[in-house]
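J.: Listed here are the chains, written in short residue letters.
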Amino acid sequence: MRNGNPMLSVENLHAAIGEKPILRGVDLAVRAGEVHAVMGPNGSGKSTLANVIAGREEYRVTAGSVLYEGGDLLAMPPEERAKEGIFLAFQNPVEIPGVSNLYFLKAALNAVRKHRGLQELDVVEFRDTVLERLRRVEMGEDLLRRAVNDGFSGGEKKRNEILQMAVLEPRLAILDETDSGLDIDALKAVSAGVNAFRGPERAIVVVTHYQRLLNYIVPDFVHVLVDGRIVRSGGRELALELEERGYGWVQAPGADGGGEARL
Amino acid sequence: MTLPAEARDRYIVAFDEAAGGKGRPSWLRRLREEAKERFLADGFPEARHEDWKYTNVAGIAERRFEPPPRDDDGLSPSGVAGLLPGEDAGNVLVFANGRYREDLSVRRPLPPGVHLGSLSDALSGKGDALVPYFSRAPANAFADLNTMLMEDGAFLHVGKGVEVPEPIHLLFLTCGGGRPSMVHPRNVIVAGEGSRVTVVERYAGLSDAGCLVNSVTDIATARCATVAHYRLQEDGPDAFHIASLRARQGTGSRFAAHSFSLGARLSRSDVHAVLDGEEAACLLNGLYLGDGERHVDHFTTIDHAKPEGSSREYYRGILDGRSRGVFRGRVIVRKDAQKTDARQANRNLLLSREAEADSRPQLEIHADDVKCTHGATVGPLDEEKVFYLRSRGIDESSARGLLAYAFAADILRRFDLPGVRRASEERLLGWLPDSGRIREFLDDPK
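Protein sequence lines correspond, in order, to chains R and V.
Residues in the first sequence are numbered from 1 upward in steps of one, following our numbering.
Residues in the second sequence are numbered from 1 upward in steps of one, following our numbering.
One chain only, chain V, in its complex shape (with noise of 0.2 angstroms):
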């Protein structure tokens, strides 16, 4: 739907604020006009485009949002220590409203040959080393947004061989001063041959205002490199939280892409991975959990592109009150992509009869010689099951929380990083009813 012109004059100011910054490389300033062309014309995806059919972005097209605030966010470090990771200690980057804050984040010492910084530091200069991954083809029009109108995020840099041995997490905090504002993170993570990086994105909302956020992650594995990332989103209840995550696979690279997504009143989470090399693999594992009129949507692409690739792809969501779930889960197996050993499974529980679920599998297969399977489930607990705890003596409510605990758990059970599996637990309990209950069930008895 094309703009109305209040609007287009609201985001060419914006533009002219984010962009007009001093000492851009002018293939930036470049790229930078060719988004904002195209989003000007096109503007936010409308329902009958076939991506977008179960989520309406109208709410985001109306609000006006606005730049966040400048300097009032009244953040200081004592005030962030709460919500920096407890566990998995490594570099932490805080990012409060879109912009870098060394004032806030945790700095360690990193083995040589990794560059850990701000990506506004890394344009400052040619930045020649980002071309690559700023011209790679957009998601959608919130992708050409996220372009236009970017200031900051982070660059992460894994040299050849180099194991980073601490996490690097990566804290975007929203506080929005009472009016509704928006933020466009932009992070890029090249891992060089061989290395093996982790990478933790957490959003977190501070404030109730109906924020946009609106990111971007770009990802490179070289030859044999390992990363592994972990989105978390938790945003405000109030905020729209639009995500895009995109990784290019070398030969005999491994990459997964783990998230939980706990917040926002409307999101949506991109993953398009291409496994652009042999004997690639990629994980893809998230976990999402709606109530009241939540809607949270994940919308993800694997391409195989070449040969003897293997992928994996678990998402699971609970929906409670009259949440709505939806998942679309592409798989593309190319003509050179032979042994292909493709798996997709989404399983979703409905906790409430007015809780909706839409999963659809995509399977595009162009080679003869794969191996492909996907599964799609919506449904409510089993009462077989519960009745089977209530007849141990397991009170009907604490048998249905447990029951959607283990439902959920099975995809936290792949984050292999501790501390974000343990936090991501509490958080799940936390949201569940009766988590006191179900707590007896975990503690370990020894």
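Next comes chain R alone, as it looks inside the complex (with noise of 0.2 angstroms):
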């Protein structure tokens, strides 16, 4: 099943923020066409390893390294990992008050397009493209026209992420607790989204804290974030076997495989 080089290579990643190390050799290989999914109790660093992917400066890597397509993602800014395919969905996506929501999408899509030697859209594609991915996150039009985010409920926030995934079309997406704080409805319409963008040339990275995301998008492996550390990687199975007996299982010591984990 796992074929080819990896798309995204994750190495004895270590990082930090200020002087307080959150990921303390942390090793993820993910290759296109795959789903995997990232479970931990809060504080373990899955957010930690979604914003050192994604490029966020007040990460700072300590050692290890960070392979993408087989380049150094760890040298590129931000802006280059975007349009290199990467992207973030935010778990707080932030307000920014008195940029439309539509602009925002056009410049980010047509910088993107840009770098992949794409013509960019022009105002008729770009309306088309736009409306027919809005369906797919059941997101209501009238979004488009306001700032982004602002004033957006928590559930609107997420699904404006996945829209701009659905957009943009990354490579590699990881998804930062997209889960949390949705209804039921909500999580369904996002979780649509992200299975319809699934496909064999990308890769999606699902960071949660619950296992009830991945009913609706079903990962390829999991793998359990302890510590800063992978303690635990497997089959979709090993998901519901931590929704039944909980974080406390894989973080004993002496566990069954447990063997890197720490208390």
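It should be emphasised that the hints constitute simulated quantities derived from the structure, not laboratory data.
Keep in mind the model is a prediction, meaning the values are calculated, not measured.
Be aware that a few hints might be false.
[To be verified] Below 25 angstroms or equal to it, Euclidean Cα-Cα: the simulated DSS-like pairs (lysine-lysine) are:
# : chain 1 : residue 1 : chain 2 : residue 2
1 : R       : K157      : R       : K188
2 : V       : K385      : R       : K114
3 : V       : K53       : R       : K20
Could you fit the two chains together into a complex? Lean on the hints.
T.: Structure, rendered in structure tokens:
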């Protein structure tokens, strides 16, 4: 099943915020076509991993490497990563009053298309593209006319993230707790948007605390991150087992296969 | 600080020249004399004066400003065409170095009941109608200096119930002929009961000489009148710009004072609105930009004197380089002014480590049943927002420029006059780096 070179290859990654170490040696390989879930308790470093891959500068990489398509990802500024096809769906999407959602999408898409050597879309093509993607996430057209996330509900912000993903068509999408704060309808809509996006050329990393999202976005691999390290990896059944037994199970010293786990 | 003898002589000469004109009413002569006495006794305000704590005007006090050149400004109708408003056509009164220039102005028919002309014309007779406006207590030494030396400006009177459909533009050009000169524009705007009018005051510097522009505008809004006033300050980079805008509002009247300040090395803008009738509404909405060594000071007072008034005050500044922004927002709610609803917000964006902003809300509430809020912020761009934009493929400098633009555009979107709003947005874009790329976010994809 796992053929070819990984699209994303994380090796022995250590990262800190200020002087505080968060990631303490993460290894992860993601290939095109795969969906990975990274699960873990609060404070385990899940979001840090997502943000380091997207290029957030507050997180300082202290050791290890991240290769993307064989190139040194850590040497690239965030905008280059985006243009190369990496997308982070934010846990807390930022409100940007005064910047129209629609114009923002258009400028972002054109930046990415230009980088890929594609022609910028004309207004009609752009509009058609957006409206088609909009339906996938069951998002109201009026949200396009408003400022980016300005006054959006939690669910609207998350849908807006998935809309951006669907429009920008990245190769590697990282969803950082996209399920947090969603009611069941929004969860289904967001999941439908993500599933429509799945394909043999694309990879998805789903970062989540709960198993719930994985009922809708079914992963090929599940990794458990505890205290800055992946302590356990497996198939989707691992998520179900976690749901049943809680994180204490993998955290407990001497637990089955949890030789690296610490507490 | 008392004026040194040399400066004293200079200002007396200037006074004799300005006030000595023929045919001026005697009441004005008296007011000018009084202003002169006060100014010569007190001189320019010192830093220890509470109202001038953050703004040092020693640079003005020390400079030898002369009366502006008389006739050699070289301005022609075709030469100023590019300075006229492109949109929102209407009457444009052009003042060059403080004097009305009919040859440069654009005059269009106005509805009956509207008088628009130069103040010096209005004062060439008895000008009794103007007495109340000139008699208002001066805001500061500069207002006295204006009364003492003023030569011209605009006089607008809108009669009862008249709506003026097109905005009235007042364009003040300063073209100093190489030597530092001073001008003291004076405007009076009177809106009769139930009338409606929009006035755009724009100041533009056409020379690099360090001129002093020291203007005073008095506005009266009668019962249920609506006045929108715009003040666009684009004086030259070495100019000093001092302005005083005073409004007295009657019952149920609405007054909006919009401003955009992006010129002059030092500017100080006083706004004083008195809500002197019940249910009056006042909006002060201003944007200021600072770079290099610029110093820009806004000093506002909203005086709620009667019940059920409402005021909204929004000022934002972007400060770069080693510039400094000062905002003072004084709100007075008098004992009678129950049910007052006053809100004030001042936000400052610092684009460099050396830039500085001082924000001082000052609420004086003497009534008990009122709603008053204020908020002030000073800080750099939110890095979280910068990262969000970058993570979508937008390069860092465009992301920063766009966020700064959006921050400032929040003020400009309240400019109801489309032409002025668009022109102001253009000026803002021109000031920001990477405007070309910011534009991409603004073009309507339809």
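J.: Each hint needs a verdict: does it hold in this structure or not?
T.: So, going through the hints one by one against the coordinates:
Straight-line distance between C-alpha atoms of R:K157 and R:K188 comes to about 15 angstroms, which keeps the hinted pair within the 25 angstroms bound. Note on V:K385 and R:K114: the hinted pairing holds, with a Cα-Cα distance of about 23 angstroms set against a maximum of 25 angstroms. Restraint check for V:K53 and R:K20: not satisfied, since their Cα atoms lie roughly 44 angstroms apart, outside the 25 angstroms limit.
Of the numbered hints given earlier, the model fails hint 3 alone.
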